[in-house]
Amino acid sequence: MAGLEYVIRRLNWRRTHYGIVRMPGSVVIGALPSLEEAEDDRAHREAEVRARVANPFICGPNHASRSRLPEPIFCDWLRDAGIEPLQAGQKKPVNWVGWWEQARVRFTPQQPAHVWAGLDRVRFFEVITRPEGSVGYAVVRVDWEYNDNWMEPGTEGGTPIKVFRKWEKAEQHRRELEEKKRHDLGYSSAEDSADDRGARYETTRWTEEELWPLGSSPNGLHSEISTTFAYGGTAPFYEIVEVDLPSLHAGVSDE
Amino acid sequence: MNSVHRVFVVARLGWNVRSWNESYTHFWPVTRDTAEPEDRQFVPIAAFADRVAAEVRLRELELEAARVFNPFWALGHLSELTTLPAPELMTRLAASVSSLPDTEIMHTTMRSNRDQWLAWWDDHIPSWSDETLATVWELFDAVRFYAILEVEAE
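If you're matching them up, the sequences are chains A and B in order. Position 148, counted from 1, in the first sequence is what numbering that gives the first Met the number 0 calls 147; the numbers after and before it change by one each time, with no gaps. Position 81, counted from 1, in the second sequence is what numbering that gives the first Met the number 0 calls 80; the numbers after and before it change by one each time, with no gaps.
Only chain A is shown next, with the shape it has when bound in the complex (with noise of 0.2 angstroms):
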């Protein structure tokens, strides 16, 4: 019988113009054998977005995003840590990301995490079990559309092609349909490949990831400034997406 292993997810946060929200769906980032090295990664990888986000009212449009805990409560749980909230005007909605700059340079080291500990619909990962190696892998097509200025990939997303059991065969798979796809547009050669004189294939979404989750725009604003492209055939036109299998009898061969 298999063990259980413990993976991590990102949660679907998604820049807004205000900072980010999060939507649903979740990126699996990698998985360990035991729940305390699983947590241990999740917390240590949780700080560090926090640190970059630096302002926890920036997630989500309103308090019901950001925290379980109706907004009056919520005042209540900061006055339990010492913590003096602004109070909502009669007509007008708290403004907390305006009261967290200006309260945050009086807190004491412990106080931030109160703060974010009360606001607890915003977090960036978490942790799931599920059976040790019940995974497959989904050959994608990225689905690149002309917007009659270069090509575009969509944010997200793509055609899934065939899964797999094995990472090995997936990435073979691939492999092949990534030649053809290649050949068929005529970036054959590696001179062809590094040809800047080709079509411009739009790479933000790719290169955006290691800034998540607020990108390279300062204002969130959608921008031409932050978009990259890659050149010719440099692009990817087909990838790789871990799946779960439920169960070891879903149809995928061990082979």
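Please note that a few of the clues may not be correct.
[Unchecked claim] Take a look, some chain B residues computed to stay more than 10 angstroms from chain A by CB distance:
id : residue
1  : Ser18
2  : Thr24
3  : Ala93
4  : Thr102
5  : Glu103
6  : Glu130
7  : Asp140
[To be verified] Here are a few chain B residues that face chain A, going by a calculated C-beta distance under 8 angstroms:
id : residue
8  : Val8
9  : Asp32
10 : Phe41
11 : Phe47
12 : Asp121
13 : Ala152
The set of hints was computed from the structure by calculation and includes no laboratory data. Computed from a predicted model, the values in this text were never measured in an experiment. In this text, a Cβ means the ideal position worked out from N, Cα and C, and glycines have one as well.
Please arrange chain B on chain A, whose structure you already have, making use of the hints.
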């Protein structure tokens, strides 16, 4: 020996989240201008041997999505939220949950009563059971985050 099968892949639908100015953010599904029957883009999540198991997982994931995504974040006409006509939506919502806003959802542009419905959703969803939320989410049938695809497997 390699054998090729068909499996049922539960996939998350790609969504765009984009801001062009400092007033609002647009949310809309990623679509392609294609002659193929499927014009959406997908992030595969899980593969199943049979469709029934895939459908069970899809319903679980869709319910999780409903706990995360307020459908009134999406700007646009009512047709972006539901295929139901407004009166039918209101009747069926009233049969499922109490305390609806006074005015029916006309459309969800910035000048509409969108804010009222946004707040209504946020205020009430914590008290909805999974069954109630599933019933409500069923009515907002134009907002979907998951689909099932039949894909080759080896």
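Hint-by-hint comparison with the structure:
no.	hint	in the structure
1	Ser18	violated, 4 angstroms
2	Thr24	violated, 4 angstroms
3	Ala93	holds, 22 angstroms
4	Thr102	holds, 19 angstroms
5	Glu103	holds, 22 angstroms
6	Glu130	holds, 19 angstroms
7	Asp140	holds, 16 angstroms
8	Val8	holds, 6 angstroms
9	Asp32	holds, 6 angstroms
10	Phe41	holds, 5 angstroms
11	Phe47	holds, 6 angstroms
12	Asp121	holds, 4 angstroms
13	Ala152	holds, 4 angstroms
In the structure shown, a violation is registered for the earlier hints numbered 1, 2, in ascending order.
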